[in-house]
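Trainee: If you're matching them up, the sequences are chains A and B in order.
Counting from 1 along the first sequence, just add 13 to a position and that's the residue number in the numbering used here.
Counting from 1 along the second sequence, just add 13 to a position and that's the residue number in the numbering used here.
Please keep in mind that the hints were generated in silico from the structure rather than gathered at the bench.
One or more of the hints may lead you astray.
Because identical chains cannot be distinguished in the list, a pair is counted as satisfied if it fits within a single copy or across any two copies.
Okay, derived cross-link-like pairs now, SDA-like style, lysine to any residue, Cα gap no bigger than 25 Å in a straight line [what the hints assert, rightly or not]:
no., residue 1, residue 2
1, LYS41, ILE30
2, LYS41, THR410
3, LYS341, PRO176
4, LYS314, VAL31
5, LYS198, THR33
6, LYS241, ILE260
7, LYS314, GLY232
8, LYS162, ASP60
9, LYS247, LYS380
10, LYS341, MET102
11, LYS400, TYR195
12, LYS219, TYR132
13, LYS187, GLU286
14, LYS245, PHE189
15, LYS218, HIS111
16, LYS218, ASP60
Spelled out, the chains give:
Number of protein chains: 2
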Amino acid sequence: MNVEILCIGSELLHGDIVNTNARYISKKLAEIAIDVHYQTVVGDNTDRIKKAFGIGFSRADIVICTGGLGPTQDDITKEALAEYFGVEMVYDEGSYEHVKNIYMRFRRDFPQNNMRQTYFPKGSIIMDNPNGTANGCIYRGKDSEDNYKIGILLPGPPKEMEPMMDLKVIPYLKQFSNWVVYGEKLVVTNIGESAAEEMVLDIIKKQTNPTIATFASAGKVVFRITAKAESKEKCIELIEPVMEELIKRFGKDNAYLVDSGNVEDKVSQLLLENSLTISLAESLTGGLVSSKLISYPGISKSYLQGFVTYSNESKIKSLNVKEETIEKYGAVSEETAKEMAYGAAEISGSDIAVSTTGIAGPDGGSKEKPVGLAYVCVYFEGRYEVKKIHSSGARETVRERAAVAALDLVRSCIEKK
Amino acid sequence: MNVEILCIGSELLHGDIVNTNARYISKKLAEIAIDVHYQTVVGDNTDRIKKAFGIGFSRADIVICTGGLGPTQDDITKEALAEYFGVEMVYDEGSYEHVKNIYMRFRRDFPQNNMRQTYFPKGSIIMDNPNGTANGCIYRGKDSEDNYKIGILLPGPPKEMEPMMDLKVIPYLKQFSNWVVYGEKLVVTNIGESAAEEMVLDIIKKQTNPTIATFASAGKVVFRITAKAESKEKCIELIEPVMEELIKRFGKDNAYLVDSGNVEDKVSQLLLENSLTISLAESLTGGLVSSKLISYPGISKSYLQGFVTYSNESKIKSLNVKEETIEKYGAVSEETAKEMAYGAAEISGSDIAVSTTGIAGPDGGSKEKPVGLAYVCVYFEGRYEVKKIHSSGARETVRERAAVAALDLVRSCIEKK
């Protein structure tokens, strides 16, 4: 069984939006071990949509299609599918009620052109859409060479498509797969992408189940170890020895498991598990560390306070950084970073404080202190831990890298305790 | 002339990454008015890549392909292109020097399998890759029916692909287009997506050049008005009257032009133009407003200080919010929002201060104050402006909507001055 994903929408061909639907569907299918061989995008053009269905079914058993289920004349996905299988379109009372109820909720009459949304290829399984007017459908039928093919039609907006994929399509498709795919993520910090890959290249190469994939972003490398087996438990059995070996190679202080692959989630878990409170003093990162941490549900128990002290004055006034320190060493220095962290801890009364200071660019750099230079500092149990970072790249990259480094330093300090 | 974009990479089919390459290329082609009819994604599979080239060239004049230019046996894009056109692969001395230099920089020997990266379909235009080992190429030749077709091969990593697209491919393709496409963005706030669209539906429907496209995200709707003409000046002439009419319909206080479509950029421009300083008091948004503002280069002249006061204590201690106010009205109230903004302005000495307070969820809501309730407040020239917001949706949506509302309120207050 293999799938082609067909996304319909001119806005994708114009580059107005990124195709997150194809990614979402691919990911969900990977989890139940159903292969995707092609993804195709086509615009709102009747002739090309029909051709795309033909090509899709010629090379895949299942075509999952998003978009083109709306009420306008452009929305011809269902008709194209019916034509491919040579079946007629039939009226569905349930879909009529569904659309009517949505319009009644807004006290509007049922618009005549919405009748299109109540017709489906005869013999379809209709999938309810609690988040919009367009119901989806699954049609299974034979192609001209007498092979069974399945067409699955989903609405285009992600907030409508994703629940329908999760709640209807995946349970339906599970009958075609006897496998479970399960993965775990290892976050590696303090080691560059190439170096990290090289350290474990022999393991990556010799693995077939589990497989190991690498994703690098500012300040970290994420290794995803994925196994395929009859059950999740069997998958974990396959993953464990490989994971252990990877952690051994990178060192425990540089490598750790996080479901999401996000350092802020690891830090939040550690803070909450250890009942530690935290405060932040951000210059360079301007609230970025704070907004990452605060995205973790329940973190309000641990997060006391953040200071975004972009100007020298605010560092002095709000964090009690000494004027002489800034004059002597500069705002971007180990010394200022330390006083910022200390100030935040003292003022907020938090157990841990973390600070960032640096030069994001594009201007403001000098020979001694170039754009991309940053210091992050953690103050914890009377001790300072400072890390100096040199980043290249755009303003956003410099800030992101410093934010990840600051969070990772908090993690490391708590774990070393 | 029309293009098919062919992206090669199993990581796309597994849903590991989103296909930003297809979007980037589509967008760049739209700017020079070259149509894209299909985007296809295929894995690292020789047979399927060859078939995808065949289908691509059967329905497009130009196939632009990303990925598969690496040194491994899986990387067969160039070979597949050469096979399609029936030409041989030839050695390119320049590419050899290029790869060798990169390895020398890291004091390593030229690895034998990298020789693959020095061979190209005979007659190609080679495109240098300053950001990686894989050079790209453009090949123009005749298909089996004697039609001219063009194959363009680009590396897969975006940081290598994007500059090559901008600096080599776009200048090359311009010869096939006599048109310029230019667009402007109108940000609309305070009006919901459906309502906003309905207010101008007649204009959208009757327009063919310029066209109007709508994009909604938390707290705002962006209208992009795009014209196609012989020059940018002609495009602007076409756009202006439509833009004026749209602004008239929405009202000047709710609609404004921003290149990026980001409210924070408009606010930053207004702050800098009017030499106004700002400070922030964020509870609900936890640094999000701050990190948005700080992404604007040069904003350090205006941004004085931010307070992330998540706990009641920190609101009282750092922003001088009265304990009685929180006791009487609650932390999520108009009164607390006002005192937060006032405190930030007073402590930082800024001209403007903005505050946010609310309930992000998933827990913490009550009947009177449900999850999604938020207040944003601006204090400016001795006056308060407060906005109450009800958001539905996930934690991130609630925070994003409040952040956009806070920034938009700053904009409105400065403009009304």
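Trainee: If a hint holds in the structure, say so; if it does not, say that too.
Mentor: Each hint, compared with the structure:
no., hint, verdict
1, LYS41 <-> ILE30, "both (21 Å within a copy, 13 Å between copies)"
2, LYS41 <-> THR410, "between (30 Å within a copy, 23 Å between copies)"
3, LYS341 <-> PRO176, "neither (58 Å within a copy, 41 Å between copies)"
4, LYS314 <-> VAL31, "neither (36 Å within a copy, 34 Å between copies)"
5, LYS198 <-> THR33, "both (21 Å within a copy, 23 Å between copies)"
6, LYS241 <-> ILE260, "within (21 Å within a copy, 55 Å between copies)"
7, LYS314 <-> GLY232, "neither (27 Å within a copy, 28 Å between copies)"
8, LYS162 <-> ASP60, "both (21 Å within a copy, 22 Å between copies)"
9, LYS247 <-> LYS380, "neither (56 Å within a copy, 46 Å between copies)"
10, LYS341 <-> MET102, "neither (79 Å within a copy, 62 Å between copies)"
11, LYS400 <-> TYR195, "neither (35 Å within a copy, 45 Å between copies)"
12, LYS219 <-> TYR132, "neither (52 Å within a copy, 29 Å between copies)"
13, LYS187 <-> GLU286, "neither (37 Å within a copy, 59 Å between copies)"
14, LYS245 <-> PHE189, "within (18 Å within a copy, 54 Å between copies)"
15, LYS218 <-> HIS111, "neither (52 Å within a copy, 27 Å between copies)"
16, LYS218 <-> ASP60, "between (45 Å within a copy, 23 Å between copies)"
In this structure, the hints that do not hold are numbers 3, 4, 7, 9, 10, 11, 12, 13 and 15, in rising order.
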